[in-house]
Amino acid sequence: MLTVPLHHVYVLAAVLFALGLVAVLVRRNIIFILMGIEIMLNAAGVAFVAAAWRWQQADGQVMFFFILTMAAAEVSVGLALVLRLYHGFKTLDADAAAAMRG
Amino acid sequence: MDTIFYISSVVAVAATARVVTCRNAVHALLYLIVSLLAVAVIFFVLGAPFVAALEVVIYAGAIMVLFVFVIMMLNLGPHATEQERAWLAPRTWIGPTILGLVLLGELVYVFAQGGGAAGGGQGVSPREVGLALFGPYLVGVELASMLLLAGLVGAYHLGRREEPAGGGGEG
Amino acid sequence: MLQGLWLVPALPLAGFLALVIGARLSRRVAAVIGVGSVGAAMVAALAIAARFMAAPPPGHAFTQVLWQWLKVSDFEPRVALYLDPLAVVMMAVVTGVGFLIHLYSARFMGRDEGHNRFFAYMNLFVASMLILVLADNLLLLYLGWEGVGLCSYLLIGFWYKDAASARAAIKAFVVTRVGDAAMAIGLLLLFMSLGTLEIQPLMVKAADRWPAGCGMAMAAAALLLGGAVGKSAQLPLQTWLPDAMAGPTPVSALIHAATMVTAGVYLVARTHVIFELAPPVQRLVAIIGAATLLLAGASALAQCDIKRVLAYSTISQVGYMFLALGVGAWGAGIFHFMTHAFFKSLLFLGAGVVILAMEEEHDMLKMGGLRKAMPLVFWTFLIGACSLAALPLATAGFYSKDLILAEAWASPKGGPWLWAAGAAGAFITSIYTFRMVFLTFFGPMKKAPGVRPGVVMGLPLVVLAAFSIVAGFVQMPEGMGDVQLFAGFVKPVLPAAPIEPGAGGPELALGLAAAAASLLGILAAWWLFLARPALLESAVRSPVGAALHKLWFEGWGFDRLYDVLLVRPLVWLARVNRADFIDGFYRAIGAAGDGLHLVLRLTQTGHVRWYAAGVAFGAIVAIAVLVLL
Chain V
4 MLTVPLHHVY
14 VLAAVLFALG
24 LVAVLVRRNI
34 IFILMGIEIM
44 LNAAGVAFVA
54 AAWRWQQADG
64 QVMFFFILTM
74 AAAEVSVGLA
84 LVLRLYHGFK
94 TLDADAAAAM
104 RG
Chain F
9 MDTIFYISSV
19 VAVAATARVV
29 TCRNAVHALL
39 YLIVSLLAVA
49 VIFFVLGAPF
59 VAALEVVIYA
69 GAIMVLFVFV
79 IMMLNLGPHA
89 TEQERAWLAP
99 RTWIGPTILG
109 LVLLGELVYV
119 FAQGGGAAGG
129 GQGVSPREVG
139 LALFGPYLVG
149 VELASMLLLA
159 GLVGAYHLGR
169 REEPAGGGGE
179 G
Chain G
15 MLQGLWLVPA
25 LPLAGFLALV
35 IGARLSRRVA
45 AVIGVGSVGA
55 AMVAALAIAA
65 RFMAAPPPGH
75 AFTQVLWQWL
85 KVSDFEPRVA
95 LYLDPLAVVM
105 MAVVTGVGFL
115 IHLYSARFMG
125 RDEGHNRFFA
135 YMNLFVASML
145 ILVLADNLLL
155 LYLGWEGVGL
165 CSYLLIGFWY
175 KDAASARAAI
185 KAFVVTRVGD
195 AAMAIGLLLL
205 FMSLGTLEIQ
215 PLMVKAADRW
225 PAGCGMAMAA
235 AALLLGGAVG
245 KSAQLPLQTW
255 LPDAMAGPTP
265 VSALIHAATM
275 VTAGVYLVAR
285 THVIFELAPP
295 VQRLVAIIGA
305 ATLLLAGASA
315 LAQCDIKRVL
325 AYSTISQVGY
335 MFLALGVGAW
345 GAGIFHFMTH
355 AFFKSLLFLG
365 AGVVILAMEE
375 EHDMLKMGGL
385 RKAMPLVFWT
395 FLIGACSLAA
405 LPLATAGFYS
415 KDLILAEAWA
425 SPKGGPWLWA
435 AGAAGAFITS
445 IYTFRMVFLT
455 FFGPMKKAPG
465 VRPGVVMGLP
475 LVVLAAFSIV
485 AGFVQMPEGM
495 GDVQLFAGFV
505 KPVLPAAPIE
515 PGAGGPELAL
525 GLAAAAASLL
535 GILAAWWLFL
545 ARPALLESAV
555 RSPVGAALHK
565 LWFEGWGFDR
575 LYDVLLVRPL
585 VWLARVNRAD
595 FIDGFYRAIG
605 AAGDGLHLVL
615 RLTQTGHVRW
625 YAAGVAFGAI
635 VAIAVLVLL
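Chains as they are written, first to last, in my numbering: chain V, 4 to 105; chain F, 9 to 179; chain G, 15 to 643.
No lab work stands behind these hints: they were computed from the structure.
Yeah, the Cβ is synthetic: ideal placement off N, Cα and C, and Gly gets one too.
Fair warning: there could be bad hints in the mix.
[Unchecked claim] Taking CB as the label site, the calculated pair distances span: (1) V:Arg-104 x F:Phe-77: 29 to 35 Å; (2) G:Ala-605 x V:Lys-93: 22 to 28 Å; (3) V:Met-73 x F:Tyr-164: 15 to 21 Å; (4) F:Pro-98 x V:Met-73: 31 to 37 Å; (5) F:Val-18 x G:Gln-618: 37 to 43 Å; (6) G:Leu-614 x F:Tyr-164: 35 to 41 Å; (7) F:Ala-97 x V:Arg-87: 27 to 33 Å; (8) G:Ala-605 x F:Val-76: 52 to 58 Å; (9) G:Gln-618 x F:His-35: 31 to 37 Å; (10) G:Ala-605 x F:Ala-97: 37 to 43 Å.
Pulled out of the complex, with its shape left as it was, chain V reads as follows (with noise of 0.2 Å):
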């Protein structure tokens, strides 16, 4: 029976989003960026589950679940994409596709 306050889970949660967010905007790395949205879904997943578990109810697993799920279709396509930019940039910096300025 675990008998940690709620926040203190969600806390955890956020610290994991905060995580994932300054990972998205440090790293230049295509593969890195896409490694930090990672950690942002995951750490929103550990707050459903926090509620669901606060509630004993199913519906935070079933909301980890789709998460889940959308987590793998979005990395397939992301990585694919990862790959299009390197065969055509020869590089991996995000900021090398910045045709779309201003």
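Chains F and G: place on chain V using the hints.
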């Protein structure tokens, strides 16, 4: 049980922090896998065994492996690590760190207001999750499967190498 | 019979529409439509006039309501025609003289390339003028007023490819616009104060509610006078008429001699109740008339262009009409309008024939000796000149001018000074008129005439000459037969001028003095221009004479005055404000948009991480708002 939770959360946070700062791509991936496993432990402690299993199997097992495959395929070499060091100059950390800290602060503030309600009892069994999935959330399940199909087709199409002699697909 | 009143303005209007739609009709057909529509209107007008005189309707007034024009809260003008003796006179003269001039133009403009356009404009003009004189309310009158102004512009600038014509047309329009603006304000004032614009109820209400000399009456009368002054080319808005001679001669005859310039006289006569309620303004009318007739008469003495002499003469004669209105001799003013329409248009048409014969030569100094070469023109022109100079007893001009002078002396609103101005004006009139005759028709022939007038041009000349003689016999003074046909006819509308009783003594003497003035003028003209021309030439060469000649030639310098006072400052202002400061406001809005764009553009860097940071920042702000509020 509580201590397991706290240890796992520390591990997860540390591993994630290492992911953010690591220069080698493969190392970062491995750190991310560690983080995901720690989160799976947390899920288990929170009484969601099914989700914990999913986390390990799909997230750490499939998605991260996908990352590894791609990085292997790109075959970047050591100069990529050098490049990362150049890109990760201390100056670039300032803005994102501030943003991250502000966001974190706001979220913590919001959560702290909620009070320290403790969670409930046994946890939700996989059986209930299954009943929910194939009950009220049936349409969502169908949509998720369609999403996966779309992802599959998209990844296949985008990953194809365009060779004049008509190449096979990869990826 | 009177129900056919609407036909009178409608027929020329239909002619205009037909000529506009059928712009490519052959000249013959266009001329038939143009002349025919006005001819038909004349027949209708004369028939209605005859019926009116034979069996006057009750109250000597007939109203024909055509339709309701507007209905806005309590402002409900209608399109309605009003016929009373004054309107009958105006209508008959406008259609009669108009028809003769249209007939003349069929030959005069026969070879002009804008022939169809000319008749369209002329028909529109006649229609507008008829609407003006037959209008039941001041709004409809203003419609006709603006219509004649428009047609005047179109017809003065008829030969639009010539820059001088275009300038003259614009000048005419702008100067009369000043008067029109005053008149519009006057109409607003009348409506606001009295609640209606229908003329007859307006007169009744004004007489009821406004005490004599009150501010409202003075303001309304002064503003209406402003409009009249503009349209009738009186001081100070007379500068446009001499330049308007750039248009074709029939235009000068119809618009700037017989009809449009008398619209102001008609307006004052129609709204005479308001003027009677504002005695200072009425006095001003007389003073303007007297001053104008002298100034214009003097200017006519120095002109070389035959049409310009006639233009200044018109200004001067309309001054006589204003003088008559100003002293309360309403009937006399309208009588002079009628006779003036006949002899002035005759003179213009005759001048047109001379100009055609001289191959577009307008300068009288280059003409001469046409007396024997063009007898018909000579005799009709002479009759017209005698009528203008008011040759005693035999001409219409004599009776109308004599009546005005007699009233000017005898009326309590008149006085010896006004009479003296009128008499001096008669003297000057004779001089410049016969100067014109002698220079053109007498003396050695400097250029042989080319084109001779045919029947189509000669017939109007003869008819108008006949009228210039007999038209005066409807109103003869007491000492000479006491025929009061005209005064009796218009009496229901226009109050009789107050002539002091005990006439016979001063009136006879005055009449003789006026007759003497005109005869002396003729004599002086003969002496100066035929017998001893050298005298005048040496006088003009002397410093005083040269200065006087220059002053009169330039119309007393009004053009220069207005140029310095009004035109130059406005042009300077326009040049200074070339990058319009009001436009600047709108340009600034555009420039601000551009500036904003340049700034916001910096946010579109193309970097994914930048955009992600933007999303994160937005999320932070949103959460902050939720948390704090």
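Hints, one by one, checked against the model:
Separated by about 32 Å at the C-beta atoms, Arg-104 (chain V) and Phe-77 (chain F) satisfy the suggested range of 29 to 35 Å. As the Cβ distance of Ala-605 (chain G) to Lys-93 (chain V) is approximately 43 Å, the hint placing it in 22 to 28 Å is violated. Taking 15 to 21 Å as the suggested C-beta distance range, the pair Met-73 (chain V) and Tyr-164 (chain F) conforms, at roughly 18 Å. The hint said 31 to 37 Å for the Cβ distance between Pro-98 (chain F) and Met-73 (chain V), and at roughly 35 Å that hint holds.
Against the hinted window of 37 to 43 Å, the Cβ-Cβ separation of Val-18 (chain F) and Gln-618 (chain G) comes to about 41 Å, which satisfies the hint. With their beta carbons about 39 Å apart, Leu-614 (chain G) and Tyr-164 (chain F) fall inside the hinted range of 35 to 41 Å. A hinted range of 27 to 33 Å holds for the C-beta pair Ala-97 (chain F) and Arg-87 (chain V), which are about 28 Å apart. Checked against the given bound of 52 to 58 Å, the beta carbons of Ala-605 (chain G) and Val-76 (chain F), roughly 56 Å apart, stay inside it.
Between Gln-618 (chain G) and His-35 (chain F) the Cβ separation comes to about 35 Å, which falls inside the hinted range of 31 to 37 Å. Range check, Ala-605 (chain G) to Ala-97 (chain F): about 40 Å between beta-carbon atoms, so the 37 to 43 Å window is met.
Hint compliance for this structure: hint 2 alone is broken.
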